[in-house]
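A.B. asks: For reference, the chains in residue letters:
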Amino acid sequence: MIRLDGVEKTYRTRRGDLVRAVEDVTLHVEENEFVTLVGPSGCGKSTLLRLVAGLTPVTRGAIRVRDTAVSEPFTDVGFVFQQPVLLPWRSVLDNVLFSVEMLGLEPRQYRKQASDLLELTGLGGFETKYPRELSGGMQQRVAICRALLPDPSLLLMDEPFGALDAMTREEMSLELLRVWEERRKTILFVTHSIPEAILLADRVVVMTARPGRIARILEIGLPRPRTIESEFDPRFKAASDEVRSLIFARRAATR
Amino acid sequence: MIRRRIVGDYLVPAATLVGVLVAWEAATHAFRIPRFVMPAPSAILAEGWDWRYRFLGHAWVTLYETLGGFALSIVVGVPLAVLIVYSPTLKNALYPLIVLAQSVPKIAIAPVLLLMLGHGEIPKVIVAFLVAFFPVVVDTATGLAATPPELLDLSRSYRASAFKTFLKVRLPMAMPFFFAGAKVAITLSVIGAVVGEFVGSDKGLGYVILSATSYWKTELAFSSMILLSVMAIVLFGAVALVERLVCPWLAPAGEE
Numbered sequence: 001m002i003r004l005d006g007v008e009k010t011y012r013t014r015r016g017d018l019v020r021a022v023e024d025v026t027l028h029v030e031e032n033e034f035v036t037l038v039g040p041s042g043c044g045k046s047t048l049l050r051l052v053a054g055l056t057p058v059t060r061g062a063i064r065v066r067d068t069a070v071s072e073p074f075t076d077v078g079f080v081f082q083q084p085v086l087l088p089w090r091s092v093l094d095n096v097l098f099s100v101e102m103l104g105l106e107p108r109q110y111r112k113q114a115s116d117l118l119e120l121t122g123l124g125g126f127e128t129k130y131p132r133e134l135s136g137g138m139q140q141r142v143a144i145c146r147a148l149l150p151d152p153s154l155l156l157m158d159e160p161f162g163a164l165d166a167m168t169r170e171e172m173s174l175e176l177l178r179v180w181e182e183r184r185k186t187i188l189f190v191t192h193s194i195p196e197a198i199l200l201a202d203r204v205v206v207m208t209a210r211p212g213r214i215a216r217i218l219e220i221g222l223p224r225p226r227t228i229e230s231e232f233d234p235r236f237k238a239a240s241d242e243v244r245s246l247i248f249a250r251r252a253a254t255r
Numbered sequence: 256m257i258r259r260r261i262v263g264d265y266l267v268p269a270a271t272l273v274g275v276l277v278a279w280e281a282a283t284h285a286f287r288i289p290r291f292v293m294p295a296p297s298a299i300l301a302e303g304w305d306w307r308y309r310f311l312g313h314a315w316v317t318l319y320e321t322l323g324g325f326a327l328s329i330v331v332g333v334p335l336a337v338l339i340v341y342s343p344t345l346k347n348a349l350y351p352l353i354v355l356a357q358s359v360p361k362i363a364i365a366p367v368l369l370l371m372l373g374h375g376e377i378p379k380v381i382v383a384f385l386v387a388f389f390p391v392v393v394d395t396a397t398g399l400a401a402t403p404p405e406l407l408d409l410s411r412s413y414r415a416s417a418f419k420t421f422l423k424v425r426l427p428m429a430m431p432f433f434f435a436g437a438k439v440a441i442t443l444s445v446i447g448a449v450v451g452e453f454v455g456s457d458k459g460l461g462y463v464i465l466s467a468t469s470y471w472k473t474e475l476a477f478s479s480m481i482l483l484s485v486m487a488i489v490l491f492g493a494v495a496l497v498e499r500l501v502c503p504w505l506a507p508a509g510e511e
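Top to bottom, those sequences are chains R and L. Counting in this note's numbering, the first sequence runs from 1 upward without gaps. Counting in this note's numbering, the second sequence runs from 256 upward without gaps.
No lab work stands behind these hints: they were computed from the structure. Keep in mind that this is a model prediction, so the values were computed, not measured. Please note that the accuracy of each hint is not assured.
[Stated by the list, open to error] Derived DSS-like pairs (lysine-lysine); straight-line CA-CA distance at most 25 angstroms:
id, chain 1, residue 1, chain 2, residue 2
1, L, K423, R, K112
2, L, K438, L, K423
3, L, K438, L, K361
4, L, K458, L, K472
5, R, K129, L, K423
6, L, K346, L, K361
[To be verified] Every beta carbon over 12 angstroms from chain R, so not counted as near; a handful from chain L, in silico:
id, residue
7, L272
8, H284
9, G303
10, T344
11, R414
12, P431
13, K472
14, A493
[Unchecked claim] So the derived label-pair ranges between C-beta atoms look like this:
id, chain 1, residue 1, chain 2, residue 2, range
15, L, P404, R, R15, 44 to 52 angstroms
16, L, V485, R, D151, 53 to 61 angstroms
17, L, V497, R, Q109, 32 to 40 angstroms
18, R, H28, L, A348, 29 to 37 angstroms
19, R, A163, L, F418, 25 to 33 angstroms
20, L, V501, R, R15, 37 to 45 angstroms
In this text, a Cβ means the ideal position worked out from N, Cα and C, and glycines have one as well.
In isolation and in its complexed conformation, chain R is listed as follows (with noise of 0.2 angstroms):
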């Protein structure tokens, strides 16, 4: 469904340098595929995500979804950021909401699947609140609701999870693969958390740090639906090693 052929981005900063952000990334995403893409801090993975959503151009290379070439934002996306950025103004149904009221849709139609959506995941009955009445993984969930409303194919997550606490993290992650199940898509996940990103992808991305390049890409064989359980297959633990050997070996080499 999204293929990334030799896609390369710089920037130039302020001052005026140019940085290298991920340089010859090539990689081909299956429809309903869910793959995450793991590494160090600035890595790129971010604008990776940026660079698909054709919210930034790409200095060289391609990308295509759908057999379309990306050079401007498409609708068929949703987002989901580190932060939540709701709108503080809004009741959480209104949230929800906002992402077909910008889409152009009439929201009215849509009142009713926001609130299965809400519900779905376990936010009935918090319709009329404001986000700042709602804990930090409930506001999260709220902005997964909003990308998943219009139903889109495609759903970029940008380390949902980073700013949450451990405990919340992984009761978060195991909803949002129950979600999965239920209304497939295909998502592209960044974080920095290496379990994370074995436990919900199909293929983890592995990347090194600046420029971005892919170092390795990981089929990741344990059956599904997973659960916490998932953890203590001897595969999680194998793929876990490899990952992390990858990006501590990386780390080591460039010291």
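For this one, chain R is given, so just place chain L on it according to the hints.
C.D. replies: The following block gives chain L in isolation, referenced to the frame of chain R:
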């Protein structure tokens, strides 16, 4: 709990105020302070009561000069803030001018303005506006620029127009900032109106204070001052009330 709150929030400050007034009253009698130097609170109150009908007319003049200046500071300040945030060129062009206008002492401008615009209320409205518009521009611009970049990305990824993003995201995001500026602006407008009246007028509370002091009627000057303070407090409260109505999500939790 509630009882303790009433004591702490109302009784303690009220008792302090009454205590200060009693000490003041006693001091003026005990030390025989001449009334034109420091009148007793009772004398100020009596004078104010005598003037109650004449005060109405003067207070009205000062009030509408203040409101005029405040309204103008918003009508001019908010669009200026929008221009500054959306256009780097205009920002470079306008910001130095705005800061320059802010750094000129308004009391120094007032006589010149009166010379240019003549007497009447308009020059006072202009002075009030000049004093008040700066916080409106700066705070609104800060608020408009405070939108998280992720939200702007989100709007762009949904292909929403810049105007729609402004209306649905940036403008409401700036509201708390705007009101912070507006609350400063309303109290500054009162100061501006009075400064304008000091320079040359025959109406308004500023005029009453000026002429009262030149006739050694200190009680009258004091009662006008009190009236001005009450007016400023009520106006501030009114802006704060509008803020609560426009931005209900800012109310502290559990207070709805």
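A.B. asks: Determine for every hint whether it applies to the structure shown.
C.D. replies: Here is what the structure says about each hint:
Among the hinted pairs, L:K423 with R:K112 is consistent with the structure: their alpha-carbon atoms are about 22 angstroms apart, no more than 25 angstroms. Distance hint between L:K438 and L:K423 is fulfilled; the C-alpha atoms sit about 24 angstroms from each other, no more than 25 angstroms. Using a Cα cut-off of 25 angstroms, the hinted pair L:K438 and L:K361 holds, with the two alpha carbons roughly 19 angstroms apart. In summary, the hint linking L:K458 to L:K472 is supported, as the alpha carbons are separated by about 17 angstroms, within the 25 angstroms threshold.
A hinted pair counts as satisfied when its Cα atoms are at most 25 angstroms apart, and R:K129 with L:K423 qualifies at roughly 19 angstroms. With a C-alpha separation of about 23 angstroms, the suggested pair L:K346 and L:K361 falls inside the 25 angstroms cut-off, and the hint holds. Residue placement check: L:L272 keeps its beta carbon more than 12 angstroms from all beta carbons of chain R (closest about 36 angstroms). The Cβ of L:H284 sits about 55 angstroms from the closest Cβ of chain R, beyond the 12 angstroms cut-off, so the non-interface label holds.
Here L:G303 stays apart from chain R, with its beta-carbon at least about 43 angstroms from theirs, past the 12 angstroms limit. Here L:T344 stays apart from chain R, with its beta-carbon at least about 17 angstroms from theirs, past the 12 angstroms limit. Against the 12 angstroms criterion, L:R414 falls within the reach of chain R, whose nearest CB is about 6 angstroms from its own CB. Once the 12 angstroms rule is applied to beta carbons, L:P431 is inconsistent with being away from chain R; the minimum gap is 9 angstroms.
The Cβ of L:K472 sits about 51 angstroms from the closest Cβ of chain R, beyond the 12 angstroms cut-off, so the non-interface label holds. Against chain R, the non-interface label of L:A493 holds: every CB pair exceeds 12 angstroms, the least being about 21 angstroms. Under the hint 44 to 52 angstroms, the C-beta atoms of L:P404 and R:R15, about 20 angstroms apart, miss the expected range. Range check, L:V485 to R:D151: Cβ separation about 58 angstroms, and the 53 to 61 angstroms hint holds.
Roughly 34 angstroms separates the CB atoms of L:V497 and R:Q109, a value that falls within the hinted 32 to 40 angstroms. Separation of R:H28 from L:A348 is about 49 angstroms and departs from the stated range, judged on CB atoms against 29 to 37 angstroms. Range check, R:A163 to L:F418: about 31 angstroms between beta-carbon atoms, so the 25 to 33 angstroms window is met. For L:V501 and R:R15, the Cβ-Cβ distance of about 41 angstroms falls inside the hinted range of 37 to 45 angstroms, so the restraint holds.
In summary, the structure is inconsistent with hints 11, 12, 15 and 18 from the numbered list given earlier, while agreeing with the others.
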